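Sequences are here, hints too, so could you generate the full structure?
Residues per chain are reported as follows:
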Amino acid sequence: MNLTFRTVMSLLTMAAAVSPLPAVAQSACTAPSQDCVVVGDLSVSLSFGAGTRTNPVRGRSDIPLFVIPQVSYYGKRFFLESLEPGVTLYESDANTFNLIATPGYDRVFFSRSDLQNVIVSNFSDNVSGNPPPPLVDQSFPVGRRHTTYLAGPEWLFRYRDLIGQLNALYEVTGRHQGYEVRAAVSAPLIQSKQSLVISGGWTWKSAATVDYYYGVNNLYKPDAAFNPFIKLSYALPLSERWTLTAFVHYEYLDDAIVDSPIVSDREVITAFAGFNFKLL
Amino acid sequence: MLLSVPGAAAAADPARPRIELKLRPRVCTLSEEETACTTTVHAQWRSSRNESLCLLIVDQPHIRRCWENHAQGVYSVEVSFSDDLVVELRDAERDNVLASQAIAVIRQALQLRHKRRPPWSIFN
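Sequence order for the protein chains is U and C.
Under the numbering used here, think of the first position of the first sequence as 114, with each following residue one higher.
Under the numbering used here, think of the first position of the second sequence as 324, with each following residue one higher.
No lab work stands behind these hints: they were computed from the structure.
For clarity, every value in this text was computed on a predicted model and none was experimentally measured.
Keep in mind that a hint or two might mislead.
[What the hints assert, rightly or not] Heads up, simulated DSSO-like pairs for lysine-lysine below, C-alpha to C-alpha not over 30 Å straight-line:
hint : chain 1 : residue 1 : chain 2 : residue 2
1    : C       : K438      : U       : K306
2    : U       : K344      : U       : K391
3    : U       : K334      : U       : K391
4    : U       : K306      : U       : K344
5    : U       : K334      : U       : K189
6    : U       : K391      : C       : K345
7    : U       : K344      : C       : K345
8    : U       : K189      : U       : K391
9    : C       : K438      : U       : K189
This is how it looks when you write it as structure tokens:
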């Protein structure tokens, strides 16, 4: 574990330990809050801080995180949540059904110019320090991974403190025609002025999706992959515009990915701590 | 709709003829950004006999218009108000309420939605 990860974990643990307030039940949207937004309002914010995302791809450096921009807009039907636009088909207090478009997340490990890497200030293609170890006696090109978008239905459900989400996605940008299914459940551990939320879930990627990112021509043809993850997110509003924020996300990669000759790590850890400034 | 106070006479004397009071506008709608209505209120009253009365606005003591032995009257005044505006006609001598009407203030309700928080995304 690197220093940033340990720092974020310490911050999250301290926040949970010192809070005397129990989690409270979530309810219908009756007032603007972190989880309830005003229809028609555009929200733009920047998170400044320090963090990292480990890179499991052999020979690629970890991705530093310094600035994370966030854009959010919710109309009556249409919404945009950073890089994810969508349309709401049905919404009640308990259930929401959307059609969404969402980027393929794996590209961040291959390209500095990926939109999800606008946060990156010093991303290099090679490991700094020691060069990557040679792979048997064979070399092969690692082709370019393009930006991909997946689209499909999304189901969100809320039950007491729990929020669940399930996405069934198909790649629509013509790169690999693969599928992804993403599922997660979130629960607040602390929900007072400050909030600490734990999320757990998994991502299933079809063989075509895994092959596009981690396959190697004539050498490695992967199967589908099932990657579980867990995430802790912390937020403490300091003023109307400033919020102390931190998160740590741990993903465990399936053998279908880890067995690829271009992958050297089984885990992906993303951690960040900093301050969020609300511009709009 | 919040058109509150009933119009027409509120006189204590049952034998007294009904005095009709009309106001324009009937409602004032505030957007999310607005805190008060500022508008010209047009009041018109009519009675079947001559009256001596005064028109006044509740909580706006600086506004007062009186008539001596008239069967009708009109009055326009610019007013700023954030809650329902109540206009009264009062007997000039006894000060009892002869009629009253209200202009309702309607605030546009905020429409809220649940925010998505996909934990897969680095932006959430």
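Going through the hints against the structure:
Between the alpha carbons of K438 (chain C) and K306 (chain U) the distance comes to roughly 18 Å, so the proposed pair stays at or under 30 Å and holds. In summary, the hint linking K344 (chain U) to K391 (chain U) is supported, as the alpha carbons are separated by about 23 Å, within the 30 Å threshold. Restraint check for K334 (chain U) and K391 (chain U): not satisfied, since their Cα atoms lie roughly 45 Å apart, outside the 30 Å limit. For the hint linking K306 (chain U) to K344 (chain U), the alpha-carbon distance of about 20 Å falls within 30 Å, and the restraint holds.
With a C-alpha separation of about 44 Å, the suggested pairing of K334 (chain U) with K189 (chain U) is violated against the 30 Å cut-off. In summary, the hint linking K391 (chain U) to K345 (chain C) is not supported, as the alpha carbons are separated by about 48 Å, beyond the 30 Å threshold. Taking the CA atoms of K344 (chain U) and K345 (chain C), the gap is about 63 Å. The hint is violated against a cut of 30 Å. This hinted pair checks out: K189 (chain U) and K391 (chain U) have alpha carbons roughly 22 Å apart, not beyond 30 Å.
A distance of roughly 12 Å separates the Cα atoms of K438 (chain C) and K189 (chain U); the hinted pair therefore holds under the 30 Å criterion.
Consistency note: the structure conflicts with the earlier hints numbered 3, 5, 6, 7.
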